[in-house]
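Asks: One letter stands for each residue in the lines below.
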Amino acid sequence: MTELQSRQLQFSGSGGEYFRIWIVNVCLSIVTLGVYSAWAKVRRNQYFYRHTTLAGAGFDYHGEPMAILKGRIVAFLLFACYTLVGKFDQVAGLAILLVIVSVMPWLLMRSLRFRMHNTSYRGLRFAFHGSTGAAYFNFLLLPVLSALTLGLLWPLAQQRMARYTRENSTYGNEFFKFFATSGAYYRIYLMTIFIGVLVFAGLMASVMLLGSKELIPVEAGQLVAMSVLVAAIGTYLALFLLAYPYVAARLQNLVWNTTQLGPHGFHAQVRAREMLGIMFGNVLLIVLTLGLYKPFADIRLARYRIEHVALLPRGSIDEFVAGLQTNTSAAGEELAEMFDFDIAL
Amino acid sequence: MLLTAVYYDGRQARPHPVTLCVEGDKLLLQGRDIVRREDLNRLKIPPPLGSTPRLILFADGGRCEVADRQGFAEMLQDAGNSAVAGLENSWWYALAALLLTLSLLAAAYLVGLPYAARVMADRVPVYLLERMDTQFFASLDQTLLIPSALPAQRRQSIQDGLQRLALPPGGGRPERIEFRGSPTLGANAFALPGGSVLVLDDLVNLASSDEEILAVLAHEMGHIREKHALRHMLQASVVGLVMAWYIGDVSSLLAVAPTVLLETRYSRDFERRADAFAAELLGANGIPVSRLADILQKLEDAHQTAATKQPIESVEVMDYLSSHPNTEERIKRLRGL
Chain S
1 MTELQSRQLQ
11 FSGSGGEYFR
21 IWIVNVCLSI
31 VTLGVYSAWA
41 KVRRNQYFYR
51 HTTLAGAGFD
61 YHGEPMAILK
71 GRIVAFLLFA
81 CYTLVGKFDQ
91 VAGLAILLVI
101 VSVMPWLLMR
111 SLRFRMHNTS
121 YRGLRFAFHG
131 STGAAYFNFL
141 LLPVLSALTL
151 GLLWPLAQQR
161 MARYTRENST
171 YGNEFFKFFA
181 TSGAYYRIYL
191 MTIFIGVLVF
201 AGLMASVMLL
211 GSKELIPVEA
221 GQLVAMSVLV
231 AAIGTYLALF
241 LLAYPYVAAR
251 LQNLVWNTTQ
261 LGPHGFHAQV
271 RAREMLGIMF
281 GNVLLIVLTL
291 GLYKPFADIR
301 LARYRIEHVA
311 LLPRGSIDEF
321 VAGLQTNTSA
331 AGEELAEMFD
341 FDIAL
Chain D
1 MLLTAVYYDG
11 RQARPHPVTL
21 CVEGDKLLLQ
31 GRDIVRREDL
41 NRLKIPPPLG
51 STPRLILFAD
61 GGRCEVADRQ
71 GFAEMLQDAG
81 NSAVAGLENS
91 WWYALAALLL
101 TLSLLAAAYL
111 VGLPYAARVM
121 ADRVPVYLLE
131 RMDTQFFASL
141 DQTLLIPSAL
151 PAQRRQSIQD
161 GLQRLALPPG
171 GGRPERIEFR
181 GSPTLGANAF
191 ALPGGSVLVL
201 DDLVNLASSD
211 EEILAVLAHE
221 MGHIREKHAL
231 RHMLQASVVG
241 LVMAWYIGDV
251 SSLLAVAPTV
261 LLETRYSRDF
271 ERRADAFAAE
281 LLGANGIPVS
291 RLADILQKLE
301 DAHQTAATKQ
311 PIESVEVMDY
321 LSSHPNTEER
331 IKRLRGL
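Residue numbers (full-length UniProt numbering), protein chains in the order written: chain S, 1 to 345; chain D, 1 to 337.
None of these hints come from the bench; they were simulated from the model.
Please note that a few of the clues may not be correct.
Said to hold, decoys possible - Below, simulated SDA-like cross-link-like pairs (lysine to any residue); rule was C-alpha separation at most 20 Å, straight line:
| hint | chain 1 | residue 1 | chain 2 | residue 2 |
| --- | --- | --- | --- | --- |
| 1 | D | Lys298 | D | Met243 |
| 2 | S | Lys70 | S | Gln90 |
| 3 | D | Lys298 | S | Val42 |
| 4 | D | Lys44 | S | Glu64 |
| 5 | S | Lys213 | S | Met191 |
| 6 | D | Lys44 | S | Met66 |
| 7 | D | Lys44 | S | Tyr61 |
| 8 | D | Lys44 | S | Ala231 |
| 9 | D | Lys44 | S | Trp39 |
| 10 | D | Lys298 | D | Ala189 |
| 11 | D | Lys26 | D | Val6 |
| 12 | D | Lys44 | S | Tyr304 |
| 13 | D | Lys44 | S | Tyr49 |
| 14 | D | Lys44 | S | Phe59 |
| 15 | D | Lys26 | D | Ser51 |
| 16 | D | Lys44 | D | Gln30 |
| 17 | D | Lys44 | S | Lys70 |
Please read these numbers as outputs of a predicted model, since none were measured by experiment.
Could you put together the complete structure from these sequences and hints?
Replies: Below is the structure:
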């Protein structure tokens with residue numbers, strides 16, 4: 001098989017165009033007391049999917065607004081129940097939360113099914129075939145275990161979750177394959193910790209140096225304590241601000257670079273620094289414009305993330321054929337979104 | 001006329017370059033190795049969406065993508081046109097939608113939410129409210145509150161004074177009064193959602209007469225009568241939820257600041273109404289309204305000296321100011337009555 005040139009994903013959406021769609025949808029959602037929000041979600045997804053193109057063809061979203069509306073009603077009732085009951089009675093609130101957590105893996109599995117099933121490219125659907133048992137193992141047991149081990153198992157859990165979502169996904173009748181080892185995940189986190197240690201040591205050394213030359217006013221006996229304090233705060237801030245985009249960017253690259261679809265590979269080169277710049281700029285502008293910049297921010301982030309992924313085709317990509325179709329409900333996806341429990345694909 | 005398009009048959013990912021034309025009520029699709037003739041009314045034509053390609057969906061999963069939106073609109077006139085797509089395409093409608101959205105949000109915040117909270121507050125079962133207050137004390141007795149150091153006699157005389165107050169019809173008498181000390185909260189009194197009143201030792205010590213304490217209690221009864229604490233809690237939950245949902249995917253921390261700002265307005269309204277009720281109640285019981293103004297002034301002074309003495313603990317002052325905003329203004333209004 002010959003290696004063809006890589007095909008970059010393209011994104012052609014524009015902020016101005018999306019702003020109009022967004023504001024009309026927000027307005028209609030409010031006028032209809034939220035009912036229209038299901039239709040708005042379909043419009044929004046279709047806008048982003050159809051503007052995402054690969055090798056000249058666009059993606060598409062096929063979610064049914066009625067299915068999404070039903071899911072939203074269930075999710076809204078559960079969420080309202082949880083927040084309101086939690087205010088009046090903490091025990092009952094906790095019980096509801098426990099119920100929600102215990103069905104969450106199942107809901108996430110349904111959510112993946114709904115989302116994949118309703119995504120198409122070149123007229124062929126994606127699909128998700130993961131089992132309920134594996135969902136409980138990957139989305140509940142592993143995170144609980146990693147919490148019990150104070151996060152030591154978290155990279156492993158993340159690798160298993162990514163493997164579960166990838167290896168059970170299909171495009172047409174072709175399965176995705178996933179090759180990342182948990183070692184690669186551990187390396188990313190170790191690197192983050194290593195950088196943290198470097199920052200800490202650097203800050204501590206410079207405070208000691210400045211203090212000993214009396215460039216900053218510190219009492220002699222407190223120099224060590226002072227330098228530890230400054231280094232601790234500085235490291236905390238640096239990790240708080242930088243670690244998330246760094247890890248997110250590295251993970252996205254790792255996941256795509258170790259994913260295959262049939263014979264075809266992928267390549268991602270998201271840079272943490274650029275990601276951070278976009279996220280900071282977005283938050284700043286959203287605050288300054290009292291929220292009106294939101295649609296522009298969404299477009300900007302989507303463009304960056306999409307355009308840094310490429311397909312490495314080995315052979316023709318015309319040969320995919322359709323797989324079996326299944327019907328799915330939207331309740332899982334809506335609830336997962338409500339509880340901010342989304343998994344990035 | 002002919003329109004060029006790309007056709008996918010829904011069974012394979014292979015693109016077929018085709019031409020489209022309309023013959024009567026049928027769509028004719030022709031490519032190198034494919035010909036389809038379909039009834040127009042059996043095709044699904046999604047409404048236009050921004051500058052994305054126009055689509056024709058066949059019942060069997062086949063699909064046509066047409067980049068030439070202009071030509072598509074001319075050939076298949078209003079096929080798939082929807083009112084929403086029209087709205088989305090014009091900056092004028094976008095502006096109108098923006099203005100309508102802002103005014104609806106303002107109306108919901110200023111009128112709808114307070115109304116809904118009032119209706120809901122009246123429907124919360126009494127046993128739930130009592131349990132809330134019990135939980136409140138259970139959690140705060142371990143952290144912010146310590147047992148009251150006031151002599152039992154002093155507490156009883158305040159309770160008796162309260163019992164003697166004649167209330168206008170409509171309720172408002174506290175379920176119970178709890179005395180506690182609190183090194184961090186200082187001089188203060190709180191009306192809780194379930195109808196209990198929490199009086200802190202420093203407040204009792206600060207007052208120069210029982211009448212001043214009764215004046216504060218009258219103010220708290222104004223809160224209880226109209227279920228202010230409960231309504232405030234309900235409103236704040238909704239505002240918090242909406243904020244978290246909107247800003248949520250940016251940062252949940254950022255959602256807190258605007259929420260606090262928005263909630264302050266509600267508490268100001270509630271303070272005003274509680275003051276008005278207290279003035280009425282005190283007047284009816286022959287207690288000068290100025291007693292409330294006096295004790296408010298003392299509280300304000302006490303908190304200000306506390307702030308200058310211990311700048312680190314200015315948190316308590318902030319807390320006090322946010323739950324009782326514009327004390328100066330309130331004192332002025334009470335003196336004017």
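Asks: Output the numbers, in ascending order, of every earlier hint that fails for this structure.
Replies: When the structure is compared with the hints, numbers 1, 2, 3, 5, 8, 12, 15, 17 turn out to be violated.
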